[in-house]
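Enquirer: So you can see what is in the structure, the chains are spelled out below.
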Amino acid sequence: MIKFWKERAKSKILTENIKLEDEINILRDELKGQIKAKFAGSLSIRMVDSGSCNACEAECNALSNPYYDLERLGIHFVASPRHADVMLLSGVLTFNMLPHVLDAWEQIPEPKWCITLGDCPAMKAPFYQTFAIKAPASEHLPISYHIPGCPPSPEEIMKGLVGFLRGV
Amino acid sequence: MSRLIALFAIERDEHFEIIERFNDKSESKIIPKDTPKTKTITYEHPSAIWFERKISDDFGIEFEDSFDKRPLLRHERFPLEIHPMLKSFDAKKELTFAPFKPYKYEAISGDGVFEVPVGPIHAGIIEPGHFHFSQAGEDMLHQEVRHFYKYRAIEKMVEGKNLDEVKEIVERISGNETIAYQIALRDIILQSANQSISDELRAYHAMLLELERSIHHLTDLGFIPNDAGFGSALAYCSALAEEARRVMKTLTNHRFGFGSIQMGAKSYDKDEFDKWLSYLQTKMSKFESWIMDIPSLWDRFDTTGILKHQKAIKYDMVGVVARASNVAIDRRDNEYYKNAGWSIVTENSGDVGARFKVRLKELFNSIKLMKEFNSRCSDKDIEPININQFSDGRYEAFVESSIGELYLYIEIKENKIERLFARDPSFINWQGLHLMMPGNIIADFPLINKSCDLSYAGNDL
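Going line by line, the protein sequences match chains A and B.
FYI, in the working numbering the residues of the first sequence are 1 to 168.
FYI, in the working numbering the residues of the second sequence are 1001 to 1461.
The following block holds chain B by itself, in its conformation from the complex:
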């Protein structure tokens, strides 16, 4: 069966168009404006549910036979007569809070079964989101993930702007995936201008993407053991992550790499960077032989939060989470990356331990890739190519971010953005998070959640 990547709507003059993007095909459905109704595809693709609820909120399109028609991004105090993505709705209009309308959570009821609501504000330095647990004592029976507290309306914000004007916005959709978003936008700009970049510049960008992935993985390799009560791993890895951020700062003049994917590049000290990569390799080899040999830690990791292979496929999961359940999806699966030394990393068990191991192995793979890309980079400054003409059309780009497959769609009309749709890998993976809960105790939830480390900002847009 095809894998669902994205499902989104576009308003035309006469009708709505719904685009169903699968891994092997793209289908388009026309919905009349006077009776905006259609059929759901959630029975074949459970991960379509948030897409459909979002479309209903954004455009007022009803999915008649859907089992879940609750609002998604229009929360308790959001005026329900407003569908913000309609062209007739002014993006700058000031909204006033409507009377509180309770949200009906998915919950299990029964003798001794109780609910635990958690969030949106959590007990730590984390992004806001709500988790709703149905509990039988310590055991989790079910969990509902509810998001869109960080809904900034970015899709609406960028409409009518040209591609240059939205660069800084797109790179701030999700801070820990900023390079991935910038590369996706770069690909779309190049397509629409019918231009290409030099091999040297491409290698430089690919290197930055692997550096971003390394920082993200290093952070997680510290935080996951920390959530299992093993703090020294956090001390070890967070120091390395900090050093990697400083390397990013040296290369791009920004600790996260905001504004770093340009059509030209400044030269940097290649030998110095290569030396740092060798240092990181040695440090992580030591880390590996240490961390893999701690039985009490692996007692917590193994068999915790299992995502079964069949479920990962059914829910169209992507990225590290999918690969840990032996689903071999990676957008780097192409000749360019293979020639540079990329190889797929998968694990079988689908538990916290598997996700940890995937991250660790991918980090080693990223170091190898960075060494190769570094050798391909230019010694001198790369003169920027000038791009200011964007031809009309529909463009899409895929990038493997540090979380998983990122999809960006931009439609340009008369040099302006008619529609931008970004599907963060987190958007798909959040919907599969609840599958990992049954059979685990609630105290393991933070550990399971951290092992997936999904973005809230990229999900909510």
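Next comes chain A alone, as it looks inside the complex:
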């Protein structure tokens, strides 16, 4: 452990010297302003997967790595729909998940918004329609914003969230 801290101390700020790209810094400043203006400093997101391939979840998890660090902007992924402003919905809305998705949506207090993430909920992913798929999501929920991509990269998700906040 001491060896590790010695190593870290030598390299001043971060051993890894992870420099955030300028583009992300601009995006970050913009996001912070939007959240402050519209949501009194914080935006709480409940991520619900309704039948994705798990790449969208991996990209959402990537949002909290040191390169993006979404939480610094006041955007939090919360554990319960009852703590959320926004439901971020990924996946093709399977027959088996739809009732649970609607249940989660009902639990979110007003005012609330639903953002669809990735091509699946818009039924734009390369799957054929089957009995087990209930997408597009717009037939079941009021969708405020859509972030396209298969999967959308963390940057695209951040840009998407800015786009959503502009429209609120």
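It should be emphasised that the hints constitute simulated quantities derived from the structure, not laboratory data.
In this text, a Cβ means the ideal position worked out from N, Cα and C, and glycines have one as well.
Any given hint could be a false lead.
List time: in silico DSBU-like cross-link candidates among lysine-lysine, alpha-carbon distance up to 30 Å [stated by the list, open to error]: (1) 1093(B) / 1025(B); (2) 6(A) / 1357(B); (3) 1275(B) / 3(A); (4) 1286(B) / 3(A); (5) 124(A) / 1275(B); (6) 1033(B) / 3(A); (7) 1025(B) / 1371(B).
Facing chain A, according to a computed beta carbon distance under 7 Å, are these residues of chain B, among others [said to hold, decoys possible]: (8) 1093; (9) 1117; (10) 1120; (11) 1157; (12) 1168; (13) 1242; (14) 1361; (15) 1394.
Given the structure of chain A, go ahead and fit chain B onto it with the hints provided.
Expert: Chain B only, in chain A's frame:
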């Protein structure tokens, strides 16, 4: 005893055929359509139970002497008269929700024993699935895993399509194993077209598979300590995982490598890639000397969620989980990989710590393999070979994905897919998860689950 790999059914004109695929043999059983009944093999192979329940749901075949005949993928509101894999059932038919029929969970009852249902929607950015605990205070007595919330009916979706048309679907069965799925499909395409690819292209594909494994292992090496309350490991490893994803993007033009396994390849900067591998090696060596030296972390890892060696064999477990319980199964165990520097990684204790160590050592092994494959790759673009004729037949492919042994079966009839069956390594391993619970407290469940890091999407299909 043979190891069960897969058990699945195919509908023929006159009868059903059930294929029992073991590691050393493949057996086929004929079931008449008018009395669709057969005997169970769950008493010898406990992991057959989900396969059999799936067959019952899909085709209406009954396993007479089975101890568990509950529906598996047909959930509470699924119309029970429908068996979706029957040829007479139209894949595009719109289903309406049937009246709610409760599912009877495996639960222990008794004085002071209570049940804790968790999911399908969990408290985090995770895929949906249900875990049902029987508790005596903090202690877990039993846990039932219930899945198929993400059931997209992919096996049905691809029927009647040709192999080209399903590429994009197969690569999206499970996002974190996409390269493995693509390589499995590539092998089947090559078999059915009686073609082969150049050594250079094969090395390139094998390199991408190791890169995918490295990303997956890096992610887990961060998340497992994080679930034990050691967040700085997550910060360290998730930054490296992000860098690895960007490398994947540079190589394949996609952060996960969707669409990257083609019959040709674009050239890339080999020196740059080799430099990055050396950098990753240095970073992970530092990580190793740091993480192995934190007693409070290993206090949580050691003896938590033990899967005993005998149980791992009995439940036909595969992949990282099996190897951590000293079961030496790895689909890379062949001359091709051995020549490239592959060696098996096993641990004895079968606990969270063992699974962590297996991942760490495999990551180092993957770096070594990638260096070797990189040197074998071509400096120039590889011209794609043209394949459009697929001959009829039954084909299968095995790939060691980042989770474990992946099995893909495709039967082609008149150039179209007659039956596709994919057995994700997770499908087997989920069934053994409950074995790790007794003797642990419920607060350790997320840690144990994360140490296995199984795919929900690949399991549910």
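Enquirer: All the hints need checking, so say for each whether the structure fits it.
Expert: Going down the list of hints, with the structure as the test:
For the proposed pair residue 1093(B) and residue 1025(B), the alpha carbon gap of about 37 Å is over 30 Å, so the pair is violated. Taken as a hint, the residue 6(A) and residue 1357(B) pair is honoured in the structure, with Cα atoms around 25 Å apart against an allowance of 30 Å. A hinted pair counts as satisfied when its Cα atoms are at most 30 Å apart, and residue 1275(B) with residue 3(A) qualifies at roughly 25 Å. Taking the CA atoms of residue 1286(B) and residue 3(A), the gap is near 9 Å; set against the 30 Å cutoff, the hint holds.
For the given pair, residue 124(A) sits about 38 Å from residue 1275(B) by alpha-carbon distance, which is inconsistent with the 30 Å threshold. Distance hint between residue 1033(B) and residue 3(A) is unfulfilled; the C-alpha atoms sit about 69 Å from each other, more than 30 Å. Annotation: proposed proximity of residue 1025(B) to residue 1371(B) is violated, straight-line Cα distance about 35 Å (limit 30 Å). Taking 7 Å as the C-beta contact cut-off toward chain A, the hint placing residue 1093(B) at the interface holds, the least distance being around 5 Å.
Hint status for residue 1117(B) relative to chain A: violated, with the closest Cβ pair at about 12 Å, above 7 Å. This hint holds: residue 1120(B) has a C-beta 5 Å from the nearest C-beta of chain A, less than the 7 Å allowed. Among the interface hints, the one on residue 1157(B) holds; its C-beta lies about 5 Å from the nearest C-beta in chain A, closer than the 7 Å criterion. A cut of 7 Å between beta carbons decides the hint on residue 1168(B): the least distance to chain A is about 4 Å, and the hint holds.
Below 7 Å, beta-carbon pairs count as interface contacts, and residue 1242(B) has one with chain A at about 5 Å; its hint therefore holds. Because the closest C-beta pair between residue 1361(B) and chain A is about 20 Å apart, greater than 7 Å, the hint is violated. Interface hint status for residue 1394(B): violated, as the beta-carbon distance to the closest one in chain A is roughly 23 Å, over 7 Å.
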